[in-house]
Amino acid sequence: MRTRIKELRARYNLTQEDLARKVGVRRETIHFIEKGNYNPSLKLAHHIAQALQTTIDALFLFDEQDTIE
Amino acid sequence: MLIIINNKLSIHKKGEKQMKEKISIITGIGIVVLVIAIAILFLTKSSFTISDILLVIIPLILVIGAIIVLWDRIKNLKMGLPSADERAKKLQWKAGAYAYFATIWIAIGSMWYNIIFADELGFPALNAGQIVAVIVLLSALCWFSFQLYFMRKGDIE
Numbered sequence: 001m002r003t004r005i006k007e008l009r010a011r012y013n014l015t016q017e018d019l020a021r022k023v024g025v026r027r028e029t030i031h032f033i034e035k036g037n038y039n040p041s042l043k044l045a046h047h048i049a050q051a052l053q054t055t056i057d058a059l060f061l062f063d064e065q066d067t068i069e
Numbered sequence: 001m002l003i004i005i006n007n008k009l010s011i012h013k014k015g016e017k018q019m020k021e022k023i024s025i026i027t028g029i030g031i032v033v034l035v036i037a038i039a040i041l042f043l044t045k046s047s048f049t050i051s052d053i054l055l056v057i058i059p060l061i062l063v064i065g066a067i068i069v070l071w072d073r074i075k076n077l078k079m080g081l082p083s084a085d086e087r088a089k090k091l092q093w094k095a096g097a098y099a100y101f102a103t104i105w106i107a108i109g110s111m112w113y114n115i116i117f118a119d120e121l122g123f124p125a126l127n128a129g130q131i132v133a134v135i136v137l138l139s140a141l142c143w144f145s146f147q148l149y150f151m152r153k154g155d156i157e
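Sequences listed follow chains A and B, in order. Counting from 1, one number per residue, gives the positions in the first sequence under the working numbering. Counting from 1, one number per residue, gives the positions in the second sequence under the working numbering.
In case anyone wonders, no lab produced these hints; they're calculated from the structure.
Lysine to any residue pairs mimicking SDA-like chemistry, simulated, CA-CA at most 20 Å apart: (1) Lys153(B) <-> Ile68(B); (2) Lys78(B) <-> Arg21(A); (3) Lys89(B) <-> Ala45(A); (4) Lys153(B) <-> Glu28(A); (5) Lys153(B) <-> Phe32(A); (6) Lys90(B) <-> Asn37(A); (7) Lys78(B) <-> Asp18(A); (8) Lys89(B) <-> Arg27(A); (9) Lys90(B) <-> Leu44(A); (10) Lys153(B) <-> Gly36(A); (11) Lys22(A) <-> Glu86(B); (12) Lys90(B) <-> Gly36(A); (13) Lys153(B) <-> Arg2(A); (14) Lys43(A) <-> Gln53(A); (15) Lys20(B) <-> Gly24(A); (16) Lys90(B) <-> Glu28(A); (17) Lys35(A) <-> Leu148(B); (18) Lys94(B) <-> Phe32(A); (19) Lys153(B) <-> Ser41(A); (20) Lys90(B) <-> Phe32(A); (21) Lys78(B) <-> Thr15(A); (22) Lys78(B) <-> Glu17(A); (23) Lys43(A) <-> Ala84(B); (24) Lys35(A) <-> Met151(B); (25) Lys153(B) <-> Met1(A); (26) Lys35(A) <-> Ile156(B); (27) Lys35(A) <-> Gly154(B); (28) Lys94(B) <-> Ser41(A); (29) Lys153(B) <-> Arg27(A); (30) Lys94(B) <-> Asn39(A); (31) Lys75(B) <-> Thr15(A); (32) Lys35(A) <-> Lys153(B); (33) Lys89(B) <-> His31(A); (34) Lys22(A) <-> Met79(B); (35) Lys90(B) <-> Ala140(B); (36) Lys89(B) <-> Gly24(A); (37) Lys20(B) <-> Arg21(A); (38) Lys90(B) <-> His31(A).
Start from the sequences and build out the full structure, keeping to the hints where you can.
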């Protein structure tokens, strides 16, 4: 899974810490989501999408090889 | 109107959560201070046995772990971020589950130590109290190490 969080953060001039504060998580959580190392809950994904004024499917890009484990 | 009520409710909930976090940090600091005070009182004894040393080492390791956790929580709270979020909570539970299985193996290992190393090879045998101390110490260390490892890794499936 890839994300567009970094790109949208840059667009709105937000740091990882700013976004973390907006959605109520730790900064590292944003870092790991950006890197694709952590799959957020639907609720957190929704909060991030709202904070970056976009939708969940525009924010998270799934590859064909992404499977349900 | 509904939006205002919802906003007030979420501010109230946020305040309540921050209060809980502050109380948990103060309680943690209190426990750390208490354990250190007991350890200092204990260290004034003139002679020590292995059990005495284990009795000091276990709380000290737990206190060091608690200090690291508290320092991390305070650092996040100072930045206006939550001390624990969904990832941290998930990884804490996962670390707990892994530590539980590790504890079972440690218990089995300490039993085998007495059978193989102590009885057959002449190493010093552990009594029941020492085995309990070793299990507590290693399981706490396992939980702490798994948590650190998972937090650095990002996630565990």
